Every structure is written in C-alpha cells, then in structure tokens.
Amino acid sequence: MRYSGFKVIAEALTGHKGWKPAWRDPAPQAAYDYIIVGGGGHGLATAYYLAKEFQQARIAVLEKGWIGGGNVGRNTTIVRSNYLLDGNEPFYEFSMKLWEGLEQDFNYNAMVSQRGIINLFHTDAQRDAATRRGNAMIMHGADAELLNKEQVRSLYPFLNFENARFPIKGALMQRRGGTVRHDAVAWGYARGADNRGVDIIQNCDVTGMRIENGRVLGVETSRGFIGAKKVGVAVAGSSSRVMAHAGMRLPMESHVLQAFVSEGLKPLIDGVITYGAGHFYVSQSDKGGLVFGGDIDGYNSYAQRGNLPVVEDVAEGGMSLMPMIGRARLLRMWGGIMDMSMDGSPIIDKTDIEGLYFNGGWCYGGFKATPASGWVFAHLLAKDTPHSTATAYRFDRFAKGLMIDEKGQGAQPNLH
Amino acid sequence: MIINHPLLGPRDAQEFIYLGDAALIHRPDGMAEGALERFIPYTYLRDNPAGSHRELWYHEQGDRSWLVVTRNTTTHEITAVEMARDVARKEGRSK
Chain A
1 MRYSGFKVIA
11 EALTGHKGWK
21 PAWRDPAPQA
31 AYDYIIVGGG
41 GHGLATAYYL
51 AKEFQQARIA
61 VLEKGWIGGG
71 NVGRNTTIVR
81 SNYLLDGNEP
91 FYEFSMKLWE
101 GLEQDFNYNA
111 MVSQRGIINL
121 FHTDAQRDAA
131 TRRGNAMIMH
141 GADAELLNKE
151 QVRSLYPFLN
161 FENARFPIKG
171 ALMQRRGGTV
181 RHDAVAWGYA
191 RGADNRGVDI
201 IQNCDVTGMR
211 IENGRVLGVE
221 TSRGFIGAKK
231 VGVAVAGSSS
241 RVMAHAGMRL
251 PMESHVLQAF
261 VSEGLKPLID
271 GVITYGAGHF
281 YVSQSDKGGL
291 VFGGDIDGYN
301 SYAQRGNLPV
311 VEDVAEGGMS
321 LMPMIGRARL
331 LRMWGGIMDM
341 SMDGSPIIDK
351 TDIEGLYFNG
361 GWCYGGFKAT
371 PASGWVFAHL
381 LAKDTPHSTA
391 TAYRFDRFAK
401 GLMIDEKGQG
411 AQPNLH
Chain B
1001 MIINHPLLGP
1011 RDAQEFIYLG
1021 DAALIHRPDG
1031 MAEGALERFI
1041 PYTYLRDNPA
1051 GSHRELWYHE
1061 QGDRSWLVVT
1071 RNTTTHEITA
1081 VEMARDVARK
1091 EGRSK
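Protein chains in written order, with the working numbering: chain A, 1 to 416; chain B, 1001 to 1095.
Bound-form chain A, shown alone:
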C-alpha cells in the first residue's frame, strides 16, 4: 500500500477500515542469502538498501525484541554532518544527503526537519576550532556558517550570554542539520524492506553462530537454526555479546547514555542547541517537550538505565546554558546502551570469518548515521568491498595507528 494525501482522505471517508499492518510477521525460513542481526535503525536500513539499491533477495532481519525498541527509539533525534576528520565527514555528509531524500524514497513520513543545529563556543580557542571544523565541512560539500554573538542572540535571546565563566562568543551553525522522528525511521525502513520481500523476524534472539572451517553457516536462535550465506551484525550496545558468539573480542565497551524530556511547553527552541562549555544538547519536539541529553554515565553498563549523578550533571549544564529551563518539569528520562569504541568512531568491516560482517561502535552518534550506515553496510555485504565513504572504518585501524579520534582522547571509551 502506497501512502499519500489522497489515501488519507479516502480512508477518512470510509472509517479508516482499509489500513493494513505496515509489515508482515513471518516465521523464519530454513535459510537465507543474507541475515541481518539487529532490527534497529541500522539493521533495517541495511536490509532496505540491500533489497532496493543492491537488488538482493532472500534477506532476513532478526530482532531479539521488537523492531525499533533499542537505540533508534532512545536517542535525542538529532541529525547533522558537522565532523572534522577525513575518515568521518564524507560519510556523515552522505548520510545527511540520504536524510534529505528519505521520506520520498521510502514513502513514509519520518518528519525530517532541517531546523538547523548550532554548536556554541565560549573562548577564542573554541572559535578557532569551530572555524576549522566549518572549513572542513565546506570542503567536503556540507554547509557551515560561523555565527557571531549577536547572530546567536537573534536566534535564541534567552541563552546565558553574559555567563562570567563561559560567555557565549558565537556558534558554528549547520542549517541542514535538524531532527527526525526516530521511531518513524525504524518503521519506514521496516515497511520499505518488508514490501521488497525482506522477512523481519521479531522475538528472535541470536544465541550462537555456526562457524565451520572459518566460514559462517548461519545463526542459532531462540527460534531454531537459520542458515545464511552472509551474516551482518548491527546490534549497537550488544555488539560485544553477539560477536563473542563468533569468538571475537571487540575494541569497545558498552556504556549507558541517558536522555530526558520535559513537560510540553510553548514553542521556544526551533532548532538544536549544543553547549560548548558543558556536555548538554537540547531541541524541542513537535509536541513541545524539550528533548535533551548530556554525557554517558562513564562505567560499563548493559542496564538501559543510568544513575543520578549524571542527571544532576545534565541539569547543571542546562541551567548554566539557559537558566529558564529550571522552571520546566522533567517528564521522562531513559537510558540506552552505547557501543563506545576505542577512538569514538564506528567500524563497518568484514571479519576474519568468511561471510561474517560487522557494523557497530557508533558510540552515542549512531542515529544521524542510520541511512548511510545501512547503505554502506549493504554495499559491503553485496559487493564485498567497502563503500567509498566508509573505507576508514576498519577493524585493523587500531593496530595500524589509523584511529579516527575526533576528540583526541585515545583508547579510553568513556571519554569519547
């Protein structure tokens, strides 16, 4: 069923009785050409692009819970391509371009809203760094704009400009950045993949991998063995657990990141603001809630819930940036599990086991990468060669000293 304005009107006149489930609920077949482990944004996007762009068939997505129940439903919905390093920026700009055409492409309203993102700076050194980052973005075909203090003030007059310790001196703006309705991304990809024959199998936990003579033959699941020629793993925070089934240790730790939503407020923030002096970023949802977040808790965790010190830290960041936020009440908070890699950048690569491919290490920046991650992972699965924008995301970059460390923190995952 194709969605359109006409369809909505027709259904409205006939009591909305013609809507059908957006995807099937098939039982697993005995074998597939491709198995994607992980029915989150990245896994569903991979299946979608494998079927649509790379014309592959016999594809299954295995999800241990329900699709979109992990990090694609837990993030703060921000999309942007404001990276500095060569290994990253072309990839994220590719992702940004895919976001721009996504809704037409998969015929689903994902509420892509290019409302603009600003990264504030508070010192001369930060201004220099923002200028350099903006130039790097422009050289890779993205958009960037340096705003002075008055330009920021005209956008967001309520910010704490005269903070004695961290006065706002300006911001780096990416107007094409913004927010996307995160659940709709998972649902849109799921529907698009399902329409093209992909089996989306929920409540199917991968409990083992069958590997013989260095080649993957399929996966053991809670719903029995499923054979596959190629297995692609895209399970974010559970990366280490799933890849342990193949005997692999990964260059990553799992950490919990918390996010928050305030009660609904009148329109206040029409873009995305990130604080340069503390770890705090905020936007406003279409329902009016302020959506904000901060740093990871900082210790290994698979708990999907954090602790109070970070709640306090995020609240302090918010109060320091926009004191009026102190009058808003917090409505909800939650945690998601991040696969924090050793250099803060992802891995999209083949493994030493033939037919086994890995996509992970997204730290807490995976949502914005969803379309490109799916596209380049599908490219790798279908063609066995990395996509041109993802050649740096290799397993062996650590041993070779080719880290992509945007923050320059070294092999300390909780600092990225």
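Don't take every hint at face value.
Said to hold, decoys possible - DEER-style ranges, computed between Cβ atoms: (1) B:Leu1007 <-> A:Arg132: 44 to 50 angstroms; (2) B:Thr1043 <-> A:Pro167: 37 to 43 angstroms; (3) B:Asp1086 <-> A:Gly401: 34 to 40 angstroms.
What the hints assert, rightly or not - Selected chain B positions facing chain A (Cβ under 7 angstroms, derived; list incomplete): (4) Gln1014; (5) Tyr1044; (6) Leu1045; (7) His1076; (8) Thr1079; (9) Arg1085.
What the hints assert, rightly or not - Away from chain A, derived, C-beta distances all over 10 angstroms, residues of chain B: (10) Asn1004; (11) His1005; (12) Pro1010; (13) Ile1025; (14) His1026; (15) Gly1030; (16) Met1031; (17) Ala1032; (18) Gly1034; (19) Pro1041; (20) Asn1048; (21) Tyr1058; (22) Glu1082; (23) Asp1086; (24) Val1087; (25) Arg1093.
Hints were generated in silico from the structure; no laboratory data involved.
All values reported here derive from a predicted model rather than from experimental measurement.
Even for Gly, the Cβ is constructed at its ideal location relative to N, Cα and C.
Add chain B to chain A, keeping to what the hints say.
What follows is chain B alone, placed relative to chain A:
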C-alpha cells in the same frame, strides 16, 4: 552507586574516576619479545561482559587509592571491592 571502600567505608561513586576492565593491571612487558603484538589487544580489545565485571576505579576525591570493584553491568550491583594494590600483588604483578 555506593562503593564500599576497604579502608574508608561506603563512598559515593562520584568521588571516583572510572578506568575500565581490571585486566588492565596486566600490562605487558614493553621490553619483552613480541611486545607490540601483546600491546595491541591490551590497549584496544575488551571482554565487555554483560554481568559480573571486575573494573578499576580511582578514588580521586578521596585517598587516591586504586580499587578493583566487582560489579554487575546489567544491574549495577557491586559485589566486591578490593584494593588494586592487593589484587596486583596477589596476581604476581608487583614486588
């Protein structure tokens, strides 16, 4: 989280800095043959278990001791706290 310091009693986890897996105690000998091959997994690869995890915490805003905390990564429950010094000695690391 409350970390029950062996010397100071229960302390808030906020007083501590987290380093990571306690396996980091076993730093390879940089002068030995094949040190590079051992340093790459030591520096970059982690077990990252879901469940019981032994990890290094540094009491920066306290007595500046290093602790080995055994904590469940799925519940955040802390089951054991030892001085890292004692653990390292027991495991043959230090003199």
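Earlier hints that do not hold, by number: 8, 9, 19, 20
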